[in-house]
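**Student:** Sequence:
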Amino acid sequence: MRYILSGLLLLVATGATAQQGPSFDCAKAESSAEKLVCDDAELARLDRLVARRFDEAVAVIRAADAGAEAGERELRAYQRGWIKGRDECWKAGDALRDCVEASYLRRQGQLVAQWMLEPPASAVIWACDGNPANEVVTYFFDTELPSVRFERGDQIDTGVLVPTASGSRYEGSFGRSIWIKGESATYREPDPDGQSYDCTLARTL
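In mature numbering (1 follows the signal peptide of the UniProt record, and there is no 0), the protein residues as written are -18 to -1, 1 to 187.
Don't take every hint at face value.
Stated by the list, open to error - FRET-style restraints, in silico, Cβ to Cβ:
(1) N116 x G164: 11 to 21 Å
(2) N116 x E12: 46 to 56 Å
(3) A33 x D180: 22 to 32 Å
Treat the hints as calculated values from the structure; they're not laboratory data. Cβ atoms here follow ideal geometry from the backbone N, Cα and C, with glycine treated the same way.
Let the sequences and hints guide you as you build the complete structure.
**Tutor:** Next up, the structure:
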């Protein structure tokens, strides 16, 4: 009986350790970012969260009728690129932890917003430069770092909340951004265009 109880306690301890550790094998950790995640409970939690969001995104893609295989390949390639970017945080020196944490928070927000992994907290259509046809659609998500999904014509992008002196500013890819103050916003197209528009709230969805 004593041996059975010892075995059960070992299984429970092993399960708890797996739950507290990151999604990857710490015995194979190579980069300073990975080693830090293995030693930091909060970063390990964020790693598990991003891994779960990634799996949820894969499931969404696989449920698609067409283009699922190519879509999954693209997502996996992007995730590998993100991991390489996270590992580049060694260049941040003493700010290594801040860099790694920010990388995880951004990635979680990106996955949720791109693949609509949870219902948006709100959704707004903006009319820009006084032209109702010149619209930007934004879906806002209450992720740990608040995130946004941009829809502009046939383009989809994601962004996250960044510090600003007033209002709420979200930055996406290649310089795309929206800076919201009440029912007005300044929307900036991504580079190389980079054109900015004054927009007003047309309606909520």
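**Student:** Does 22 to 32 Å hold as the CB distance between A33 and D180, or does it fail?
**Tutor:** 40 Å, violated
**Student:** State, for the Cβ atoms of N116 and G164, whether the hinted interval 11 to 21 Å holds or is violated.
**Tutor:** Given a distance of about 20 Å, which is inside 11 to 21 Å, the answer is holds.
**Student:** Can the suggested window of 46 to 56 Å be confirmed for the beta-carbon pair N116 and E12?
**Tutor:** Hint holds: Cβ distance 48 Å, inside 46 to 56 Å.
Against the hints set out earlier in the document, a violation occurs for number 3 only.
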